[in-house]
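Trainee: Chain order of the listed sequences is A and B.
For reference, each letter of the first sequence is one residue, going 3 to 231 in the working numbering.
For reference, each letter of the second sequence is one residue, going 3 to 231 in the working numbering.
Careful, some of the hints might be misleading.
One copy or two, either will do: identical chains are not told apart, so a pair holds if it fits within one copy or between any two.
As the list claims (entries may be wrong) - Below, in silico cross-link-like pairs of lysine-lysine (PhoX-like), each with a Cα-Cα straight-line distance of 20 Å or less: (1) Lys30 with Lys207; (2) Lys47 with Lys86; (3) Lys30 with Lys177; (4) Lys105 with Lys177; (5) Lys20 with Lys57; (6) Lys177 with Lys207; (7) Lys30 with Lys105; (8) Lys77 with Lys47; (9) Lys20 with Lys177; (10) Lys77 with Lys177; (11) Lys77 with Lys30; (12) Lys177 with Lys57; (13) Lys47 with Lys177; (14) Lys47 with Lys57; (15) Lys207 with Lys57; (16) Lys20 with Lys207.
Think of the hints as simulated: they come from the structure by calculation, not from any bench.
Protein chains: 2
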Amino acid sequence: MAVYTQVSAEALSAFLNKFDVGELVSAKGIAEGVENSNYLVDTTKGRFILTLYEKRVAADDLPYFMALLDHLDGKGLAVPPAIKDRAGAEIHELEGRPACLIKFLTGVSVTTPTAAQAISAGAAMGQMHAALEDFTLTRPNSMGVESWAPLLERCGQSLDQIAPGLFDRLSNALKRIVARWPQHLPTSAVHADLFPDNVLMLGEKVTGLIDFYFACTDVRAYDLAVMHG
Amino acid sequence: MAVYTQVSAEALSAFLNKFDVGELVSAKGIAEGVENSNYLVDTTKGRFILTLYEKRVAADDLPYFMALLDHLDGKGLAVPPAIKDRAGAEIHELEGRPACLIKFLTGVSVTTPTAAQAISAGAAMGQMHAALEDFTLTRPNSMGVESWAPLLERCGQSLDQIAPGLFDRLSNALKRIVARWPQHLPTSAVHADLFPDNVLMLGEKVTGLIDFYFACTDVRAYDLAVMHG
């Protein structure tokens with residue numbers, strides 16, 4: 003929830019010159035996301051989000067995320083694809099960070115959705131899954147069930163300093179969960195972080211699904227669980 | 003540089019209903035200022051800054067700041083006055099904080115002004131001082147020369163833990179400064195924090211002077227010194 007990398011107006015103006023997006027009119031650092039720096043940027047031709055990716059891991063995965071957004075955008079879904087520069091590139095570098103200029107979407111994140119808003123969000127999730135049916139790139143779920151045992155091992159006996167016996171209790175719980183984990187649910191690319199903050203709405207209408215930086219290949223029920231979580 | 007108070011979309015929509023500003027379209031917390039929470043708010047009728055004042059001292063001074071902004075706005079200067087609600091009120095409460103909905107100004111803060119930009123900023127400062135000639139409200143400068151001796155006393159001998167003899171050196175320096183402090187320079191309401199971050203520009207043109215929350219009655223040269231500082 004912070005701007006980690008400062009971008010001067012001068013550097014931003016020079017960056018925007020790579021694109022056919024007009025001249026810089028306003029730029030405000032926005033407190034959005036936890037891992038990246040984001041600016042809301044207005045130009046004489048429109049409004050954009052500038053994202054600077056702060057962690058190296060994101061940089062390696064950016065081509066996957068951007069291809070996924072282009073795929074959904076190409077099918078008319080309300081997602082924020084990256085803007086291509088005059089040479090067709092979507093992934094850039096700015097202030098030493100990987101950076102993308104991204105389409106701005108209107109709408110607000112609802113804190114306590116009504117039934118009608120929840121139905122709209124569910125429908126948008128279903129449309130997204132249907133649109134990803136023929137998306138062929140894959141990415142492992144770095145937060146998926148296979149990652150939990152190594153994570154538990156890394157925490158190790160230090161968990162017992164939080165509460166006596168915690169490591170054993172979690173180890174047993176994890177064994178039960180892994181043994182019963184569903185193996186045959188429909189799998190595709192999923193959003194993997196589709197909680198209310200990442201669903202933009204106006205009234206009862208979904209105007210955007212955003213923040214695809216956990217997107218990966220996993221069971222579709224993963225999105226359903228996060229949305230209900 | 004953070005959003006301290008979270009405002010839900012639901013609470014913000016209800017708040018905006020007090021004003022004749024249309025319906026909420028987008029809201030983003032912005033990383034601006036150090037003491038307040040700020041949101042960039044778009045409605046069907048325009049764009050605004052929502053500021054929630056986090057410190058009690060600001061609340062007591064808000065009527066002064068808002069009167070000063072109205073005075074400058076009334077004379078056609080590019081400053082961001084508070085929007086009046088349907089009952090004419092400018093100062094509100096939201097999420098337990100004093101809050102104002104403020105006119106949005108385009109422009110960016112320049113990091114390394116060119117000579118032409120510096121001349122424009124100086125001219126804008128001069129116009130502001132001229133426009134404040136007949137502004138009659140007063141407010142002491144809480145960061146002014148009278149505040150330095152009490153501040154030094156509060157720090158006291160603990161300064162010597164930073165560097166041996168530091169308290170004595172600063173005491174002597176302060177005595178010299180106070181003895182030579184100019185007593186007869188022109189005085190009026192001044193901005194008191196008019197450094198490049200608080201001057202919005204497009205190209206070589208000043209599009210706004212912002213962040214008047216240190217404004218006070220002092221010598222005009224104070225603004226000149228801050229702008230050069």
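Trainee: Which hint numbers does the structure go against, in order from smallest to largest?
Mentor: 3, 4, 5, 6, 8, 9, 10, 11, 12, 13, 14, 15, 16
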